[in-house]
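Using the sequences provided together with the hints, build the complete structure.
Residue numbers (the numbering used here), protein chains in the order written: chain A, 25 to 278; chain B, 25 to 278; chain C, 25 to 278; chain D, 25 to 278; chain E, 25 to 278; chain F, 25 to 278; chain G, 25 to 278; chain H, 25 to 278.
If you are wondering where the hints come from, they were derived from the structure by calculation, not from laboratory data.
Watch out, some of these pointers could steer you wrong.
Said to hold, decoys possible - Some chain G residues near chain E, calculated using beta-carbon distances under 10 Å:
hint	residue
1	152
2	153
3	157
4	158
5	177
6	182
What the hints assert, rightly or not - Have a look at the derived ranges for each label pair, beta carbon to beta carbon:
hint	chain 1	residue 1	chain 2	residue 2	range
7	H	204	C	117	36 to 44 Å
8	A	174	G	270	51 to 59 Å
9	G	102	D	49	19 to 27 Å
The C-beta atom is built at its ideal place from N, Cα and C for all residues, glycine as well.
Protein chains: 8
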Amino acid sequence: MTLNEVTISRAILEEQHQTFLDYLEMDVAVVGGGPSGLACATLLAEKGIKCALIEKKLSIGGGMWGGGMMFPRIVVQEEARRLLDRFGITYREFEPGYYVTKSVETVAKLTAAACDAGVEFFNLITVEDVMIHGDGRVGGLVINWTPVDISGLHVDPLTVACTCTVDATGHDAMVARMIERKGGSLQVKGESFMWAERAESQILNHTREVFPGLFVTGMAANAVAGECRMGPIFGGMLLSGERAAELVAERLGR
Amino acid sequence: MTLNEVTISRAILEEQHQTFLDYLEMDVAVVGGGPSGLACATLLAEKGIKCALIEKKLSIGGGMWGGGMMFPRIVVQEEARRLLDRFGITYREFEPGYYVTKSVETVAKLTAAACDAGVEFFNLITVEDVMIHGDGRVGGLVINWTPVDISGLHVDPLTVACTCTVDATGHDAMVARMIERKGGSLQVKGESFMWAERAESQILNHTREVFPGLFVTGMAANAVAGECRMGPIFGGMLLSGERAAELVAERLGR
Amino acid sequence: MTLNEVTISRAILEEQHQTFLDYLEMDVAVVGGGPSGLACATLLAEKGIKCALIEKKLSIGGGMWGGGMMFPRIVVQEEARRLLDRFGITYREFEPGYYVTKSVETVAKLTAAACDAGVEFFNLITVEDVMIHGDGRVGGLVINWTPVDISGLHVDPLTVACTCTVDATGHDAMVARMIERKGGSLQVKGESFMWAERAESQILNHTREVFPGLFVTGMAANAVAGECRMGPIFGGMLLSGERAAELVAERLGR
Amino acid sequence: MTLNEVTISRAILEEQHQTFLDYLEMDVAVVGGGPSGLACATLLAEKGIKCALIEKKLSIGGGMWGGGMMFPRIVVQEEARRLLDRFGITYREFEPGYYVTKSVETVAKLTAAACDAGVEFFNLITVEDVMIHGDGRVGGLVINWTPVDISGLHVDPLTVACTCTVDATGHDAMVARMIERKGGSLQVKGESFMWAERAESQILNHTREVFPGLFVTGMAANAVAGECRMGPIFGGMLLSGERAAELVAERLGR
Amino acid sequence: MTLNEVTISRAILEEQHQTFLDYLEMDVAVVGGGPSGLACATLLAEKGIKCALIEKKLSIGGGMWGGGMMFPRIVVQEEARRLLDRFGITYREFEPGYYVTKSVETVAKLTAAACDAGVEFFNLITVEDVMIHGDGRVGGLVINWTPVDISGLHVDPLTVACTCTVDATGHDAMVARMIERKGGSLQVKGESFMWAERAESQILNHTREVFPGLFVTGMAANAVAGECRMGPIFGGMLLSGERAAELVAERLGR
Amino acid sequence: MTLNEVTISRAILEEQHQTFLDYLEMDVAVVGGGPSGLACATLLAEKGIKCALIEKKLSIGGGMWGGGMMFPRIVVQEEARRLLDRFGITYREFEPGYYVTKSVETVAKLTAAACDAGVEFFNLITVEDVMIHGDGRVGGLVINWTPVDISGLHVDPLTVACTCTVDATGHDAMVARMIERKGGSLQVKGESFMWAERAESQILNHTREVFPGLFVTGMAANAVAGECRMGPIFGGMLLSGERAAELVAERLGR
Amino acid sequence: MTLNEVTISRAILEEQHQTFLDYLEMDVAVVGGGPSGLACATLLAEKGIKCALIEKKLSIGGGMWGGGMMFPRIVVQEEARRLLDRFGITYREFEPGYYVTKSVETVAKLTAAACDAGVEFFNLITVEDVMIHGDGRVGGLVINWTPVDISGLHVDPLTVACTCTVDATGHDAMVARMIERKGGSLQVKGESFMWAERAESQILNHTREVFPGLFVTGMAANAVAGECRMGPIFGGMLLSGERAAELVAERLGR
Amino acid sequence: MTLNEVTISRAILEEQHQTFLDYLEMDVAVVGGGPSGLACATLLAEKGIKCALIEKKLSIGGGMWGGGMMFPRIVVQEEARRLLDRFGITYREFEPGYYVTKSVETVAKLTAAACDAGVEFFNLITVEDVMIHGDGRVGGLVINWTPVDISGLHVDPLTVACTCTVDATGHDAMVARMIERKGGSLQVKGESFMWAERAESQILNHTREVFPGLFVTGMAANAVAGECRMGPIFGGMLLSGERAAELVAERLGR
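Written out as structure tokens, the structure reads:
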């Protein structure tokens, strides 16, 4: 068999085109590919919900790759250990209740689990705006290529429709802030000082629907609530992703 | 149990420090975390060889994340299908002999496999130079933090020792070029025009020890040889990584 | 009738996808949307030849928009006046033999004529490399999105096949230089001093197939030949585009 | 006949100089060369009104060149189809009521129509300020070369007088914002969320004289009114340009 | 004896790792390595207090290196002469009460004294945030590598605990501003106009605990208080550092 | 006594002016303030030789501040331990023959020693060129402010005369390269691969007068000779500085 | 006679040093070297008042060099013609009451006149702050080298004393804004729309002492007053400079 | 009389347009507005020769403004004192044979003299290329706006004709290098080391016609000849300008 460059190009274009068309309408769009976004998307997809993860960077994983201060290790507390087991992530107990994982493995295993669950990934895509019609709900996202944004070129975006949106963009809470900036009734209070224990204990309370159709998870949840900052401990993020998935599924009647 | 920020910091520092010390001396350093580097490192580690993968970016995966022209799909030909199966990567047959995978899944599964095999990852690390002693072999790498390099700050590097080095840095063939630039007897001819079929067919021939202690794989192998350019088809890369692992293992007497 | 954002997105995606697939194989790829490229592509398409114009910028028109020193006027000499007439561009006689047009009109009319003739435009696309197989002919182009290039992201390109390629990239002669840089038997001598009359008189001689499958036109033709530089007079460019179209058509047996 | 570089330079300088002098005073200055600005200027010029289009970029066409997400297609709805016909733009029906055009053709044909109607183009010109005398009307524009602005050099602008000004600068509504920033009684509310149908249905209402002598059209009209955002559908833009032309003509008593 | 690169690397890693672990908890963290920070840290360490100096730049010394307008001389007034003597800094009397030192010597001697006193230095470290638990006191600092910050990479920080923190970051008063920005009850009024005499006379009054656990010294003290600006006279800075050390020691019960 | 800003300014200006005038002619100019330059300058000044150290950065210390990979520790071998003792730098034995110092202390103590010995420092000064008269010797340096260089402003330099020049600019060997670039009979071979032991053992041989009036020391000595690269071990640098001082003193007949 | 580089350096250093020392205290500091600043300084110096002109750029002349839109011509109206005559600037009458000068000549002649009158120039000097003592008057300026500012280096400024300060920094009104920003009782209203006639007619009214010790002239005067913007007509600037000189001289009792 | 913005604009446009047209053909184009270019142009114009000075920066004066190391003083030796007198530049004798002038005055007086002599200035204009026809002489210059060049925009240049060209662009010798780069028979050897006396003594020998139609003066003359570098002493520059004027006048038969 001979290899043909044009056939390779065609294969890539056709496969992705079909997926893009298919995801012009979906159940859930999760924005941001960090730990809470990945956990949330995976658990939604496992329930058979049509879910895409939109990530502005080239790679998935967000702030997990670098561990703490470039030492590629991540700490997870007891409460979330079952999620490490669920996603097949190996760990070592450092002290009772503190488990250390390798950051690269954590990203890879979470992402692989999302793929296996059926999450569709849209990387290098920036969310520019939200679509809100007369019902006052976030009903879609206005998206563009990230490199277009970086280049400062004037190119119009496209729009995808989704029944629910999950803001998993970290402490920037970018989707929530868009709504606030354009006058929607939503206030992003911003992350407070570092206090890991409090932040971890409150994150599930803050994981909720903050605007019709928009759920927040992970650091974005704490940022909207004005909650304390978390350290490089990821249990709360994973649990928040799980909680967000439950809330969204419930909203979708699954 | 209460969470303590200092304990989290200590856990990260101690775990990574031990690993770093442990890998100051290793069997094989694979430079570059694209498909051939990942495949090579995984297969070496599976043989029980002590192997680290050094990647200058924050994330692992190299040019795979973006598929072709940001359409996140990758094509693999028949010959390499068995490696997709081996790493648990799902695919769809586009035309006979052409299999399409999702780029995000491919990266995640390859990386996860490397982790499971015992590969140690050093990301955000730039290779600045090589160590060559009186035996004329590449016996180690001079490394630094990538952000130091980006910032243009004057900070000295450290050195790690390795019996074999694999240059999997893509068409830049950065390790090979360092040796060439400093007068080592090695010529990097540079990638030729695009001709996927020829490039794929020759890559295994070019996967070899090009300087005592230095092996090349993937696009770096073709770049050193002046071979044609490959398209966004990744079978040859994976097979080249496999070949490099065999050659290195043989050299190490495993 | 109601307007639906998703339908709008789908319309754009489907229409363009079909065109992209259709142009993975074409008769002629003209690289560069300045006057000679536009004239060449238009005249080829008018003969029913399947021809695409690939332009790295967002807009078509190259150096014509700014006239001379931002004074948006263009001068055309007697010999090329018939082409102005052909493309419906209005002009004023400045002195016998010198006709002045408005640069904006000239770009718009040339581009409109190309559209009417059936030229397909691929803007914001950068040519990264050429495809050359065993026959030693330029048989295709390796392309990528321009914003990817500007952003410095690592994303692989795709490949399109074409029977003939026209380098209309101006005095950089970018396609010809790629071939030279990678060792093809082609020397780009570079533009010489300004001497409008000589440059205009010789451009048709230099408009030719300079490498199997690669034709040069406009300033690229003079740059390859080491010919003199032209001033802001565009007759020769248009005539060179016409000549290139004739040569390519002849080669294609049309 | 011989070609002379100095004659070419003189032709360009004299022709453009005469035009520049002639347009130091004009009926209408349209700021911004996107779809609504082009449509508005064309229709004004067709009525014999002396109208210039001032564009800060090198090329005319604004955000149209890139279609949606760099897929160079534009969608127009039924209501505006007659304008496509009027400007000779070809289209294909995608679904009932949705017509798809090629973005490059759309720009070229709209611009060509403007030229034929007698619109004078001033590209690479930035509007720095407005001139308002004792009558409290926008009576002129303070302009400078765009490259001077980019270079950060300290060079004073010049002033042109116009009876009416049309702000067609897109969602930045730059002329309106200048007036707001300097304390004029005009509030730019800023574009709201994406809701194509509403935005398209309201744009004609928002196309109006928002400050004595200043009309807004296209996205600038919606931005001033705090109206919803439009998607990559251009019917409303063209119709808004048409409306603006009618209002301006009426004001001028034509 | 032979030199081994790996042993050198190991020595550096192990020695620094032990120190870093040791300083995850400390008595006092002084932020900023200018004159007041150095004086404060030295005097604290001389009392046996465990004190680290955290500096974001590569070198210690802050604004002292450049003297005034790059003329590397520093002026100290009579009141602080005894501190010059204490730190072994040579000087020349310019006029009665005005002593001139060399800026390079001043930095070197102050830093050497700090080292001899047992101050531990953490350079190239940026303070990103503060840790405040339920007691409402600044109980630690959230730190990261400066080059990570410069590079704009997404890498999480680590946290160190300290009983007292000294903000010696100059007129930016960066730690105090963090607390203000996040809603802590602390107002940074900002430096007023230049009035050296008043600024010098008031600095000791402004050197105080401005928020539970946070002391300010040097220009940061004046900036928080809205006090006048000091000129390139360094007596007040040194005396303020001394005062801060006294206040902190008192608070620690030493 | 009252403080007066103008008196402070005058004190700084007059003191530095006198020094600058005094050093328009000197015995030795050491270029570069890293370990070898500092050691060399100190030992020369201790012999009563009039010596200035010219450093392009704001701070003195070169690559020492950052230790290895930002871990602020430095290793010195047995042979150079006596120099640590001489300069009062504290150290800890890591393994027999390997002594670890703190990088901040090492810079501070070396610089303080240089000050005490009478070295005059000119920081923020860039060497642009060398002065060579009819005798073919480097007889002076052409200097400018570093910020002028960074700003890209066109400001002429000044010239200082020196009997001997020491290039201590590290592996760039900047002074030596200037002479090479302008056609002086001097070849800078460039640093070879990392081989700490060989590099350390040969550095004293390479520390020599490489061009009439120009001595090289530290990494610059190895770079000129094409010698191997040193790791973050600083014994050889200090010993090379000592050797350079001996050679220069001998040349000056001291 | 032989030329000696060191003597040249010494001549430059000594001459300028003496001047700098001499101007640490002066009667008037004019900030900004545009038309009003130059006129003001010249007329003050002609009265024997000790006056320096401080300019942040390398060259004197401000916005005059570029004329209007890089066409290097300047227009002056009848009222100010006598100042052109006074400074020996040639002109041509364009229309009755409008005189056109060459911008280069205008700068050169104004600057030469200032030199002849005894104005001392300090170019490449940025004013960072003002000195205000207990009397609440601007009594001096805090200055630094402009390249230090551009380079972002941390270098402290010096201070010069002056009885009166003239803000001639154009529409930025930089000195006035510094006072406003730091809480001084002074409001900078900012320039209004373009209305040349009104702006020219009011500028003399706005030329006044706006804060104890601080006078404003030229566009800075209009900017403080919220007055209209002037076009590229310079009569008002020159007259305002003249008026400022009168007011300052009166204040000084000359 | 009322002031009208449009009349001001018209005055500027018409006056400059007439001059530009007039100088499309001239006797001499002097490129570069430093001391030698200014002296040369002035002396040519005084002989009634039609001469323009083309300067790429906004201001005239080149490297003179900054004196030496930003100390704004310039030294001139005895031989050139008569030129200071001729141009009305005041000076002070520093030592016998060394005269110090103020750099700002020197620029202003030289420029004013050039204006009075009738030199026409074209500032903000970059020379992109030279025009050489069949006679092999430099017969014109290809020019563009400097801001266009800075902005990286693609805008074509215009051409002006001149019988003689003088390269006064300093040590870059930009016009000469253009000719060398494009294959003209001219070698630019590049400036050698600093040796003021030799450089000053030889500069008149090197001031000559180095290519048919192209004369070099000032540092450009020494750079072409590979002569030594001059310090901040300007006598030779002025004398070289004078010599160049004599040679050019002779060539023109004046």
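- request: Could you tell me which of the numbered hints above are not met by this structure, giving the numbers in increasing order?
  value: none
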